[in-house]
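Trainee: Two chains, two frames, some hints: make the complex.
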Amino acid sequence: MLTIVVIYPTLMALNESLYGPKGLDPKTGFISNTEPFVGLKNYTDIFTQAGDRFWNAFWNTTLFTVVTVLLETVIGVAMALIMHKAFRGRAVVRASILVPWAIPTAISGLLWRWIFNADGIANVLVGQQVLWTADGFAAKIAVIIADVWKTAPFIGLLVLAGLQVIPKEVYEAARIDGASALRQFWHITLPLVKPALLVAVLFRCLDALRMFDLPYILIGAQKNSVETLSMLAQNEASNVRFGPASAYAVLLFLYVFLIALAFVRLLGADLVGDGGVRSGRERRTGRRGAVALRRAEVTA
Amino acid sequence: MTLTATWRRRLPYVGVAAVVAYCLAPFYWMVVSSLRRNDDIFSTSLFPSPLSFDNYQAVFSPSQGFSRALLNSLIVAGITTALALLLATFTAYAMARLDFRFKRLILTLIIATSMFPVVSIVVPLLKLFTDIGWINTYQAMIVPSMSFALPLAVWNLTTFFRQMPDELEHAAMVDGCTRGQAFRRIIIPLAAPGIFTTAIITFIAAWNEFLIALSMTNKPGMQTATVAISKFSGATTYQTPFGSQMAAGVIVTIPLVIMVLLFQRRIVAGLTAGAAK
Numbered sequence: 019m020l021t022i023v024v025i026y027p028t029l030m031a032l033n034e035s036l037y038g039p040k041g042l043d044p045k046t047g048f049i050s051n052t053e054p055f056v057g058l059k060n061y062t063d064i065f066t067q068a069g070d071r072f073w074n075a076f077w078n079t080t081l082f083t084v085v086t087v088l089l090e091t092v093i094g095v096a097m098a099l100i101m102h103k104a105f106r107g108r109a110v111v112r113a114s115i116l117v118p119w120a121i122p123t124a125i126s127g128l129l130w131r132w133i134f135n136a137d138g139i140a141n142v143l144v145g146q147q148v149l150w151t152a153d154g155f156a157a158k159i160a161v162i163i164a165d166v167w168k169t170a171p172f173i174g175l176l177v178l179a180g181l182q183v184i185p186k187e188v189y190e191a192a193r194i195d196g197a198s199a200l201r202q203f204w205h206i207t208l209p210l211v212k213p214a215l216l217v218a219v220l221f222r223c224l225d226a227l228r229m230f231d232l233p234y235i236l237i238g239a240q241k242n243s244v245e246t247l248s249m250l251a252q253n254e255a256s257n258v259r260f261g262p263a264s265a266y267a268v269l270l271f272l273y274v275f276l277i278a279l280a281f282v283r284l285l286g287a288d289l290v291g292d293g294g295v296r297s298g299r300e301r302r303t304g305r306r307g308a309v310a311l312r313r314a315e316v317t318a
Numbered sequence: 486m487t488l489t490a491t492w493r494r495r496l497p498y499v500g501v502a503a504v505v506a507y508c509l510a511p512f513y514w515m516v517v518s519s520l521r522r523n524d525d526i527f528s529t530s531l532f533p534s535p536l537s538f539d540n541y542q543a544v545f546s547p548s549q550g551f552s553r554a555l556l557n558s559l560i561v562a563g564i565t566t567a568l569a570l571l572l573a574t575f576t577a578y579a580m581a582r583l584d585f586r587f588k589r590l591i592l593t594l595i596i597a598t599s600m601f602p603v604v605s606i607v608v609p610l611l612k613l614f615t616d617i618g619w620i621n622t623y624q625a626m627i628v629p630s631m632s633f634a635l636p637l638a639v640w641n642l643t644t645f646f647r648q649m650p651d652e653l654e655h656a657a658m659v660d661g662c663t664r665g666q667a668f669r670r671i672i673i674p675l676a677a678p679g680i681f682t683t684a685i686i687t688f689i690a691a692w693n694e695f696l697i698a699l700s701m702t703n704k705p706g707m708q709t710a711t712v713a714i715s716k717f718s719g720a721t722t723y724q725t726p727f728g729s730q731m732a733a734g735v736i737v738t739i740p741l742v743i744m745v746l747l748f749q750r751r752i753v754a755g756l757t758a759g760a761a762k
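From first to last, the protein sequence lines are chains A and B. In terms of the numbering used here, the first sequence opens at residue 19 and continues consecutively. In terms of the numbering used here, the second sequence opens at residue 486 and continues consecutively.
Next up, chain B with everything else stripped away, as it sits in the complex (with noise of 0.2 Å):
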């Protein structure tokens, strides 16, 4: 009886290990190969011995090009969350507070647009800017980036200022306030902390992008992290450089995994904001 009842107690914290264990283990293994010696990149012992950066050093060498490839990672998934960020928030205000026809639908729209397969914008953005000669610029990925970090800004966006008692902007505006100044003064500062979620969110989704800069550009000189590292070669052709592309895995998601456990309350509650209430 005892027995069964330590067990009890102690299933849960067998469970969280497991739950740790399962999400936790191929990242924790990426790190380890990452710091292995390219000699023993084969070895399956649990930790690297002995610690090697090799690895880091040949990711940053001039000839991978991979510190420019983190530069228009940078730039293109800090421009769009910025854009998406900007019209987003004023869509969000005005879904949330204003009344007008179509309502409804425009919102349905939006939903609607996230559900899309990117491949179906990609081939004729493709044609497109093939045309117009786009191919291989930042407003090429952008652009098509829009598709899904407007409407998950928007939806983002807009829970948070539904959530905001719309007495606010009235007192301000009967202490004389126009509506574009309540919603500076009152409205913005107020929502700072919704609007830094959803740029966290955003920011993630755009970074993580890869359909979309793999069409647009054929160049190195203009890739993202995420392609960049898919086409790594190694010293000869058939030999794929496995510590490498550990190493630049590591680096690209190592900003998102401080994000994620520097603001991960933030995130969790912005990701399940409507589903727990």
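Only chain A is shown next, with the shape it has when bound in the complex (with noise of 0.2 Å):
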């Protein structure tokens, strides 16, 4: 089934990139039934001609990338330290922290263009009139602040999980020897929650590169500003240019695959870099978390 559901498409796709779009056959003069056969000029056109609207939306989804994560990271593992804290009410900050990942990305979308309207909300808090929507930069802040809130309870509830399995005693031990609430946070719980979340970033950074829905319904398609490599390669599908949609499409996919690869390199080079004396177990948990935390993150 997943062959069916996934595979072939991909390898459909990488066929598909090679061709150009149905032009008009030269001996019947109407519209010929069958797309020319291009080679790799849907790739190499992103140098020259077309290359402006992918590049744009290459970088935007770059910028998207690194600066919602950096920021989900910093907020969620803020986030998971207070609920570590807080005994009473955990209940009730589980519960809402659930709220922002069950509410559809779409109608988040959607939520936060009612919050940045010219009369919103946020102008109204900030006291200027800022044009959010417009295509702009305030429109790239608007996503990412968007989806900023959106993911980062998340990395808070999956960091959350990790620090709730660490044993008390080395905290205990950390204090007899006189260590500092800070040093305890950066030698005992930073390292001790690596691992998970090493895993909970690169899912964020693969399900960041992806982004669609949340920059589309914001801000809108074909806006210059926000328009990632998804919304291009659909916006040129959805315009019946199929050749160049599928190399972007398989471009992306490039993308990911490389950021992937790069953080499996990370993550073995840290598992390399304990010493090896990483006994199989842990091994094993830190595979099983990035199990629990993928499947998480296709919900997200």
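Keep in mind that the hints were calculated from the coordinates and are not lab data. Among the clues, some could well be false.
[Unchecked claim] Below 30 Å or equal to it, Euclidean Cα-Cα: the simulated DSSO-like pairs (lysine-lysine) are:
no., chain 1, residue 1, chain 2, residue 2
1, A, K212, B, K588
2, A, K241, B, K612
3, A, K158, B, K716
4, B, K612, B, K704
5, B, K716, A, K241
6, B, K704, A, K241
[What the hints assert, rightly or not] Using C-beta positions, here's what the derived DEER-type ranges look like:
no., chain 1, residue 1, chain 2, residue 2, range
7, A, L276, B, F585, 28 to 34 Å
8, A, S256, B, L590, 34 to 40 Å
9, B, F545, A, I206, 52 to 58 Å
10, A, V188, B, R522, 53 to 59 Å
Note that the structure is predicted; figures quoted are calculated from it, not measured. Using N, Cα and C, we set each Cβ at its ideal position, and we do this for glycine too.
Mentor: Take a look at the structure:
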């Protein structure tokens, strides 16, 4: 089943990306039924005529990924620490933290569009007239804020799960040795949640790289300042330019793949960096953590 | 000294309040806005006054076709979840119990597929579905949705099956069950909570889907709720009907929020099962 729904279309995309749009048949003068084979032209085009739009989308995607993941991680870890400290009210926090996760991204796009409306609450709070949802730099910020809101609590939830398995004795020992709260955080908490955190960051990155719904609804289609690679490919495809659309989709796929590979290298290096003393059990835990986070991420 | 001590005790709760506010404030704003009259939709008071359900009436007016969109969402998400669960139960059981060649490779492939950018399968499928006349059909939305629902369900269930001791089936088989019977009579009932959790998570994912539904439909009657809301039009061309958009957003979100509140313990357990072990 997976072969049918994933692998076959991917190969089709690869194949499709080598064809150009239907042109006029020079013999008959009608629009030809077959698409001409253009080889790698759809790919080389990104360095020439069609390049501007592609590279704009490429940098937007990259910018969104780097900035949102960075902010989400910081806010998520902070949230996890707060929740870890609070003993009462945990149920309330847990329930509320799931709300942004459960709201469909499309709806949260609308919600933030309303908040960022010219007469909306965001401008009242800021005390200035910012045209958030018009095309421009503010639009980028709007997308970043909305995305961080939706996913940071979720990183918090996963980091919290990681925090809760750190044995209390470690901290007691540190306290006896006179380590300050900050040192405890830096030398105990962070290293111990690091494997889980790194995996969470990886999957957040991959998710951010394929961002579509949020900028599409919050700002709109074909807006320069927020167009991502997913939006560009979808837009080309809906305009029946399947060749370039597939080429962009394939390039996005390669991008995702490269980032994933880089992270696996990083994670691998991390495992080796511990001097190879990690037991099989620990490594297994790391992998299972990855699995759980992955699962979670797809739905986020 | 005592002052700092009190603060030390209180600070976590201040933090908790901050976290809750951070998570809920935008959602609260959506609910409040949906309950305002159209005339004071731009009001920035924290409570709607007077309370009005006009927006909800507008959403369900026949011209919007929103009930139809809700039904479409229910059908697509429901069938996707059911199919994914059915296939994933067998796959996951095989993954957790049986030993066969290339098992690791298959597991890696499954996890890798869930990282795929959806758009890279939507583009070729869109062309294929256009050719075979599947645009504006349920199957055109359900089949691509399987690409994220299935890996999700397989992973979830594999973890659950792995947690159940092998001895269960062995005992059943000693008592004369075949492997299939042991699976049906012992494993499935015991795994029911896991299957249920997986169903909720998969359903939420399928319900929230946007890109596939947007690409595969161009007839309003076939759009799912998320797509329909994004295309709500106002009475005049340049007016965005924020009131009814917010109301529709609340309607689409409420079932999920209720599910999350009812099953929060289970969902959190499902989402973090591996991470916490």
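Trainee: For the pair supplied as a hint, K612 of chain B and K704 of chain B, confirm whether the alpha-carbon distance does not exceed 30 Å.
Mentor: 17 Å, holds
Trainee: Does the Cβ distance between L276 of chain A and F585 of chain B fall inside 28 to 34 Å?
Mentor: Holds: the Cβ-Cβ distance is about 31 Å, inside 28 to 34 Å.
Trainee: Within 34 to 40 Å: is that where the Cβ-Cβ distance between S256 of chain A and L590 of chain B falls?
Mentor: 35 Å, holds
Trainee: Is K716 of chain B close enough to K241 of chain A, meaning Cα to Cα at most 30 Å?
Mentor: OK: K716 of chain B and K241 of chain A at ~17 Å, within 30 Å.
Trainee: Starting from the hint 52 to 58 Å, judge whether the C-beta atoms of F545 of chain B and I206 of chain A obey it.
Mentor: 55 Å, holds
Trainee: Hinted pair, alpha-carbon criterion (30 Å max): K158 of chain A, K716 of chain B. Please report holds or violated.
Mentor: Given that 30 Å is the threshold and the Cα spacing comes to 22 Å, the pair holds.
Trainee: For the pair supplied as a hint, K241 of chain A and K612 of chain B, confirm whether the alpha-carbon distance does not exceed 30 Å.
Mentor: Given pair K241 of chain A, K612 of chain B holds - Cα atoms ~24 Å apart, limit 30 Å.
Trainee: Quickly compare the C-alpha distance for K704 of chain B and K241 of chain A to 30 Å and report which way the hint goes.
Mentor: 24 Å, holds
Trainee: Range hint 53 to 59 Å: satisfied by the CB atoms of V188 of chain A and R522 of chain B?
Mentor: With a Cβ separation near 57 Å, V188 of chain A and R522 of chain B satisfy 53 to 59 Å, so the hint holds.
Trainee: Are the Cα atoms of K212 of chain A and K588 of chain B separated by 30 Å or less?
Mentor: 28 Å, holds
Against the hints set out earlier in the document, no violation occurs for any number.
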